[in-house]
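**Student:** For reference, the chains in residue letters:
Number of protein chains: 2
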Amino acid sequence: MEPCDLLVIHASELCTLAGGPRTGAALGRIGIVADGGVAIAGDRIAAVGPSPGLLARYRPRRVLDAANCLVTPGFVDAHTHPVFAATREAEFEMRVQGRTYQEIAAAGGGIRSSVRAVRAASEDDLVASTRRRLDLFLAHGTTTVEAKSGYGLSLADETKSLRAIQKAAAGHPVRVVPTFLGAHEFPDEYRDRREDYVRLLCDEMIPAVARDRLAVYADVFCEKGVFEVPESRRVLEAARDHGLRLRLHADEFVDSGAAALAAELRADSADHLMAVSDRGIDALGSAGTAAVLLPGTSFFLALSRFAPARRLVDAGLTVALGTDFNPGSNMTCSMPMILTIACLYLKLTPAEALTAATINAARSLRLESEVGSLEAGKRADLVIFDAPNHRFLPYHYGVNLVRAVVAAGRVVVDDRVRTASNPGSPSSESREP
Amino acid sequence: MEPCDLLVIHASELCTLAGGPRTGAALGRIGIVADGGVAIAGDRIAAVGPSPGLLARYRPRRVLDAANCLVTPGFVDAHTHPVFAATREAEFEMRVQGRTYQEIAAAGGGIRSSVRAVRAASEDDLVASTRRRLDLFLAHGTTTVEAKSGYGLSLADETKSLRAIQKAAAGHPVRVVPTFLGAHEFPDEYRDRREDYVRLLCDEMIPAVARDRLAVYADVFCEKGVFEVPESRRVLEAARDHGLRLRLHADEFVDSGAAALAAELRADSADHLMAVSDRGIDALGSAGTAAVLLPGTSFFLALSRFAPARRLVDAGLTVALGTDFNPGSNMTCSMPMILTIACLYLKLTPAEALTAATINAARSLRLESEVGSLEAGKRADLVIFDAPNHRFLPYHYGVNLVRAVVAAGRVVVDDRVRTASNPGSPSSESREP
Numbered sequence: 001m002e003p004c005d006l007l008v009i010h011a012s013e014l015c016t017l018a019g020g021p022r023t024g025a026a027l028g029r030i031g032i033v034a035d036g037g038v039a040i041a042g043d044r045i046a047a048v049g050p051s052p053g054l055l056a057r058y059r060p061r062r063v064l065d066a067a068n069c070l071v072t073p074g075f076v077d078a079h080t081h082p083v084f085a086a087t088r089e090a091e092f093e094m095r096v097q098g099r100t101y102q103e104i105a106a107a108g109g110g111i112r113s114s115v116r117a118v119r120a121a122s123e124d125d126l127v128a129s130t131r132r133r134l135d136l137f138l139a140h141g142t143t144t145v146e147a148k149s150g151y152g153l154s155l156a157d158e159t160k161s162l163r164a165i166q167k168a169a170a171g172h173p174v175r176v177v178p179t180f181l182g183a184h185e186f187p188d189e190y191r192d193r194r195e196d197y198v199r200l201l202c203d204e205m206i207p208a209v210a211r212d213r214l215a216v217y218a219d220v221f222c223e224k225g226v227f228e229v230p231e232s233r234r235v236l237e238a239a240r241d242h243g244l245r246l247r248l249h250a251d252e253f254v255d256s257g258a259a260a261l262a263a264e265l266r267a268d269s270a271d272h273l274m275a276v277s278d279r280g281i282d283a284l285g286s287a288g289t290a291a292v293l294l295p296g297t298s299f300f301l302a303l304s305r306f307a308p309a310r311r312l313v314d315a316g317l318t319v320a321l322g323t324d325f326n327p328g329s330n331m332t333c334s335m336p337m338i339l340t341i342a343c344l345y346l347k348l349t350p351a352e353a354l355t356a357a358t359i360n361a362a363r364s365l366r367l368e369s370e371v372g373s374l375e376a377g378k379r380a381d382l383v384i385f386d387a388p389n390h391r392f393l394p395y396h397y398g399v400n401l402v403r404a405v406v407a408a409g410r411v412v413v414d415d416r417v418r419t420a421s422n423p424g425s426p427s428s429e430s431r432e433p
Numbered sequence: 001m002e003p004c005d006l007l008v009i010h011a012s013e014l015c016t017l018a019g020g021p022r023t024g025a026a027l028g029r030i031g032i033v034a035d036g037g038v039a040i041a042g043d044r045i046a047a048v049g050p051s052p053g054l055l056a057r058y059r060p061r062r063v064l065d066a067a068n069c070l071v072t073p074g075f076v077d078a079h080t081h082p083v084f085a086a087t088r089e090a091e092f093e094m095r096v097q098g099r100t101y102q103e104i105a106a107a108g109g110g111i112r113s114s115v116r117a118v119r120a121a122s123e124d125d126l127v128a129s130t131r132r133r134l135d136l137f138l139a140h141g142t143t144t145v146e147a148k149s150g151y152g153l154s155l156a157d158e159t160k161s162l163r164a165i166q167k168a169a170a171g172h173p174v175r176v177v178p179t180f181l182g183a184h185e186f187p188d189e190y191r192d193r194r195e196d197y198v199r200l201l202c203d204e205m206i207p208a209v210a211r212d213r214l215a216v217y218a219d220v221f222c223e224k225g226v227f228e229v230p231e232s233r234r235v236l237e238a239a240r241d242h243g244l245r246l247r248l249h250a251d252e253f254v255d256s257g258a259a260a261l262a263a264e265l266r267a268d269s270a271d272h273l274m275a276v277s278d279r280g281i282d283a284l285g286s287a288g289t290a291a292v293l294l295p296g297t298s299f300f301l302a303l304s305r306f307a308p309a310r311r312l313v314d315a316g317l318t319v320a321l322g323t324d325f326n327p328g329s330n331m332t333c334s335m336p337m338i339l340t341i342a343c344l345y346l347k348l349t350p351a352e353a354l355t356a357a358t359i360n361a362a363r364s365l366r367l368e369s370e371v372g373s374l375e376a377g378k379r380a381d382l383v384i385f386d387a388p389n390h391r392f393l394p395y396h397y398g399v400n401l402v403r404a405v406v407a408a409g410r411v412v413v414d415d416r417v418r419t420a421s422n423p424g425s426p427s428s429e430s431r432e433p
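Chains as they are written, first to last, in the working numbering: chain C, 1 to 433; chain U, 1 to 433.
You can trust all of the hints, since none of them are fake.
Short, incomplete list of chain U residues facing chain C, as computed with Cβ under 10 Å:
#1 87
#2 89
#3 347
Beyond 10 Å from chain U on every Cβ pair, some chain C residues (computed):
#4 29
#5 286
#6 410
Per the computed footprint, the stretches of chain C lying under chain U, defined by three or more beta-carbons under 8 Å from a beta-carbon of chain U, are:
#7 299 to 306
#8 321 to 333
#9 346 to 358
#10 390 to 398
In case anyone wonders, no lab produced these hints; they're calculated from the structure. Here a beta-carbon is modelled for each residue, glycine too, at the ideal position from N, C-alpha and C.
Let the hints inform the model, and build the full structure from the sequences given.
**Tutor:** Dropping the structure here:
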């Protein structure tokens with residue numbers, strides 16, 4: 001008998017997602033093991049397979065019984081904006097009353113209102129609120145999060161935001177991949193001198209971010225009226241020249257040729273893609289750029305348009321999912337909620353959606369050899385759901401089915417104690433006066 | 001100083017919903033009190049108002065500090081189907097792959113598959129699963145639930161289902177209003193003799209249900225291909241003659257004149273109404289029949305059609321909301337999730353949606369003097385949310401913002417202990433082997 005630290009056993013269905021990212025007809029092959037289990041040593045997976053074999057082989061220090069439960073890899077959220085200082089529920093009401101997201105932005109709301117709030121916030125406050133949001137991600141089964149800056153839009157406020165991500169992530173169970181998104185919008189003070197802001201991005205902000213190792217990725221909101229394709233190209237090339245990897249907000253509302261730009265620059269991901277053209281799809285396919293779809297945003301903006309997921313799958317792209325968690329266009333950090341929306345409105349099957357939210361999302365972050373599947377040697381990130389099978393996960397929606405989360409080998413969320421999922425919650429204090 | 005048992009204080013926003021059901025332009029008037037509180041004596045509300053006044057007046061045995069939190073009445077869910085024995089996630093996948101709900105039903109799935117499972121289930125099993133579902137409702141802030149039978153479709157199995165509701169509700173914090181829905185579908189054995197089933201409903205099942213006081217309401221799935229209007233009328237008239245109050249599944253997929261029938265029979269509610277005609281709306285208005293809207297079902301069936309909520313509001317109807325929780329066409333018991341969908345797709349404001357899910361839903365159950373608002377003398381049902389205001393509730397979706405629930409004066413859900421919200425959860429057992 002070999003020793004191990006933790007043995008998860010008796011999952012009614014365990015989805016390994018082993019074998020690397022999937023495309024095309026293989027997208028829905030999720031590696032189902034009945035009565036499955038995972039043996040964990042330290043922060044790594046030692047073995048995955050049927051429970052009887054694991055029980056015969058390992059002498060664990062601790063056992064998590066997953067009977068009647070689904071076990072999956074921890075979710076990988078490929079696109080989030082978690083560093084903000086104020087929520088924007090008033091804009092939610094304005095949209096319900098008929099104003100569009102673009103109209104609200106033009107009136108000084110939207111991203112620019114978040115910029116004002118972040119600039120006014122202290123770094124410590126941003127660290128605290130970002131950390132609470134990481135707790136929420138974790139409570140809903142996400143163990144790896146791509147996290148963008150982008151509500152600072154000045155050298156000081158973008159680096160403050162990226163430091164807040166770094167500090168919030170330090171020692172946190174969620175693995176965080178930071179992305180510099182100084183090109184999220186033109187700040188008010190540069191509205192009439194766009195060229196100056198592009199130069200600030202390329203000549204000052206990107207070099208500073210790269211020098212201080214504040215980000216792994218750079219991203220640009222490439223969209224008509226925001227960063228046009230030529231501006232986006234300059235920013236991305238500067239980022240690449242400084243050693244940052246590339247992602248791109250591409251063709252969200254109109255087809256501006258952003259997907260082709262992402263492909264041309266060999267970006268790791270092109271995100272949103274609601275309006276992508278066939279030519280853009282072809283280019284992404286040739287470049288090996290992952291398509292990160294964010295259907296929660298279409299839902300939250302009450303749009304009838306969703307990304308053409310099936311065409312992207314059929315074109316052989318690596319299709320991934322993200323929440324797009326942000327205070328304006330999608331206020332949720334629940335990946336199970338995104339799975340439901342992806343099934344209903346992108347017409348991904350539950351298995352395809354699970355692949356997109358785990359190993360394929362990991363691929364979009366170049367972390368496919370580290371996270372996103374349950375395989376020996378990988379980081380021991382997994383979720384135990386109160387669900388008999390993977391179809392149940394998007395099916396039973398609006399409730400949190402997570403029963404336990406293991407991150408880097410540690411049990412960090414447990415239904416019965418709720419350590420990480422209900423951080424603090426000082427508000428429901430009960431006391432004798 | 002007067003004694004009281006429980007004092008909830010310092011809500012950043014307390015919505016009383018006082019003053020009775022609302023219609024038209026008043027729908028969104030939710031009675032906001034800043035720094036609000038509620039004094040509770042026994043199972044009743046003693047007083048509602050600003051915290052300083054309550055603190056000066058009452059000497060409470062226990063205090064719940066709701067600082068930085070939203071406090072609302074407990075939700076009233078006006079339409080649910082919680083008594084079933086098997087979930088139907090395989091059908092969810094079939095729908096994603098392009099089959100319609102109607103096609104799945106025609107192939108032996110849908111309601112009929114639930115009927116087979118309920119008939120095979122023991123009453124004890126139904127009691128246990130229904131009770132777990134009531135726990136879930138409660139965990140998401142719902143303290144009153146209308147609960148339908150309708151997956152038995154025989155005298156024995158319908159009464160078994162209604163007894164299961166009764167037993168599950170006994171001693172449970174959620175107040176349950178049982179509805180007999182034997183006319184949910186024609187069972188397989190009566191498929192070629194519909195007249196015989198209508199007679200069984202009218203002559204045997206309804207009298208038995210009324211005699212044993214197993215239901216307050218009777219309901220019929222009045223829809224083309226299910227119960228036609230003349231059949232529905234006969235069933236509803238028989239129910240009325242036996243002292244049952246009336247609700248009606250009306251004009252969900254096509255306009256069959258069901259709304260007019262509900263109005264003609266002075267039903268307390270007409271539900272769904274996605275396809276309701278202007279004539280139907282006028283009739284409901286004249287009759288005082290509440291319109292119970294179920295937008296989660298449109299979402300879960302990925303339909304582009306939602307009920308014409310604004311027209312119903314403008315026509316002066318009492319617009320209410322329900323989850324329609326059921327294993328086929330809407331697998332959620334989260335009213336906050338329904339609020340989000342109602343705002344985004346029915347274009348109700350957050351305040352209007354809150355009214356519809358509380359006092360107006362209570363009105364549709366003739367319980368408006370007992371629940372649905374925070375007013376002295378009413379049942380002390382309230383929810384404390386981790387939200388700064390009521391707009392935040394539909395805005396931050398896919399997560400459970402409930403911090404505490406008080407039902408009939410008792411603190412039955414508390415974030416820190418999670419008594420009722422995580423019933424049992426034997427599945428995430430952790431032990432030393």
